[in-house]
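Peer 1: Here is how the chains run, residue by residue.
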Amino acid sequence: MKKEPFKEKDDRLRRTRLYIPGNHPAMIQNAEIYGADSLIFDLEDSIPLTEKDTARILVRNAIQALNFGRSEVTVRINGINTPFLEKDLEAIVPTKPDGLLLPKAETEEDILFLHERITELEKKHGLPVGKIRIMPIIETALGVVNVEKIVAAPRIAAVGIGGEDLTADIGAIRTPDGRELEYISSKIIVACAAYHIQAIDTVFADINDQEGLFQATKRAISRGFQGKSVIHPSQIEVVHRAFMPSEEEIEKAKRIVKAYRESLKKGLGAVSVDGRMIDLPIVMRAERILKRAKAGKK
Amino acid sequence: MVKFVRTAQAGSLESCDILVTITKGKEQSGVKINLESSAKKQFGDRIIAEIMEVVKKFGVTDIVISAVDKGALTYCIQARTEAAIKRAFGVDEK
Chain A
1084 MKKEPFKEKD DRLRRTRLYI PGNHPAMIQN AEIYGADSLI FDLEDSIPLT
1134 EKDTARILVR NAIQALNFGR SEVTVRINGI NTPFLEKDLE AIVPTKPDGL
1184 LLPKAETEED ILFLHERITE LEKKHGLPVG KIRIMPIIET ALGVVNVEKI
1234 VAAPRIAAVG IGGEDLTADI GAIRTPDGRE LEYISSKIIV ACAAYHIQAI
1284 DTVFADINDQ EGLFQATKRA ISRGFQGKSV IHPSQIEVVH RAFMPSEEEI
1334 EKAKRIVKAY RESLKKGLGA VSVDGRMIDL PIVMRAERIL KRAKAGKK
Chain R
3 MVKFVRTAQA GSLESCDILV TITKGKEQSG VKINLESSAK KQFGDRIIAE
53 IMEVVKKFGV TDIVISAVDK GALTYCIQAR TEAAIKRAFG VDEK
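Chains A and R supply the protein sequences, listed in that same order.
Counting from 1084, one number per residue, gives the positions in the first sequence under my numbering.
Counting from 3, one number per residue, gives the positions in the second sequence under my numbering.
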């Protein structure tokens, strides 16, 4: 496949993305020990309008000064139509985060605007151009309608769903099993899969219901989500456990990957495992299972 | 040179944070820092030096800084000082 600029494949494991309020030093500086695959320092909904300036400076300094270990470092900036976006970008882009989450992403133009602005700031600060990924969050009906174009835009690595806002926007009622989001989730998952981008499931709001979270994550995985956003450190282990493949899945994935590698060596076009033909998407899924198994054992 | 606009505060009294308040000082009084911290004996000089580093960066003077420290690390001390200065001098707000 031809490598397009700003569209490098990104296979990073993102089983959990932990939201951390950007104005909370105790949580920020302990973020590494929670073990989430990704950290989201939030400048948007968790920050009151009167504290946008202080959170922005605190998150900027934290990313510059602290070590977050193996966790991916991302920041949820304020939305395109807010007076805070430009200052968020000016403060955060120079710190070279792994990604920026764009809330309420609705159109391809939103992403292109952000992409151009990030590119300008990367050049201005002498940073490598294109390393900072964009991670839109779909939270409105318009965003759902346009998701195929959004995922095809530059820099996109993962797309999240804002379940609460979406449910309100379409006039539905939130249910414990999230059935009102089934169509929307499927549409986003398919769009992401078409461009090898990760779809990340919405948060599970009840932090005391660990069994409910486990089951919701299992459902999300079976539908094709590759990660789940979490709002409390106690949710991380539960989600990682849900993402841990069974021994049977691991063994099968090993057989598939081994058979595929051998077929490549021998120059064979097709290969079968357990009597079933396998092709590239099946191999890629097997590799993903092995990656999750390896991470789950750490 | 930026001009003092209003008394301003940034930070909180929560653990790992620091509450920085900036008020207008007398003319030619320079920068006065009043620090309150349970770790003042051990880290007081360092905290004051970290605050002063930010004050010098912005070139502001004739102010009184009251800092109530709750165990903040350098990145936080300097972020709260910067935010309070920007608010007090009306720089780059919100």
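Please keep in mind that the hints were generated in silico from the structure rather than gathered at the bench.
From the three backbone atoms N, C-alpha and C, an ideal C-beta is built for every residue, glycine too.
Errors might be hidden in some of the hints.
In silico contact screen, one side only, chain R against chain A (beta carbon under 7 Å); selected entries [said to hold, decoys possible]:
| no. | residue |
| --- | --- |
| 1 | Phe6 |
| 2 | Ala10 |
| 3 | Cys78 |
Every beta carbon over 10 Å from chain A, so not counted as near; a handful from chain R, in silico [to be verified]:
| no. | residue |
| --- | --- |
| 4 | Val4 |
| 5 | Ser17 |
| 6 | Leu37 |
| 7 | Leu75 |
| 8 | Thr76 |
| 9 | Tyr77 |
| 10 | Gln80 |
| 11 | Lys88 |
Peer 1: So, for every hint listed, does it hold in this structure?
Peer 2: Hint check results:
Hint status for Phe6 of chain R: violated, given a least beta-carbon distance of 17 Å to chain A, over 7 Å. For Ala10 of chain R, the suggested interface contact is broken, since its CB lies about 11 Å from the closest CB of chain A, more than 7 Å. Below 7 Å, beta-carbon pairs count as interface contacts, and Cys78 of chain R has one with chain A at about 5 Å; its hint therefore holds. Annotated as non-interface, Val4 of chain R keeps its C-beta farther than 10 Å from every C-beta of chain A; the closest such distance is 16 Å.
Separation of Ser17 of chain R from chain A is inadequate, the least Cβ-Cβ distance of about 5 Å not exceeding the 10 Å criterion. Residue-level check passed: Leu37 of chain R sits 17 Å from the nearest beta carbon of chain A, beyond 10 Å. With a least beta-carbon separation of about 6 Å from chain A, Leu75 of chain R fails to lie farther than 10 Å from that chain, contradicting its non-interface assignment. For Thr76 of chain R, the shortest C-beta to C-beta distance to chain A comes to about 7 Å, within the 10 Å cut-off, and the non-interface label is violated.
Look at Tyr77 of chain R: its CB is around 4 Å from the nearest CB on chain A, not clear of 10 Å, so calling it non-interface is violated. Its beta-carbon lying about 6 Å from the closest one in chain A, Gln80 of chain R breaks the requirement of being farther than 10 Å from that chain. The Cβ of Lys88 of chain R sits about 7 Å from the closest Cβ of chain A, inside the 10 Å cut-off, so the non-interface label is violated.
The structure fails to meet hints 1, 2, 5, 7, 8, 9, 10, 11 from the earlier list, while all remaining hints are met.
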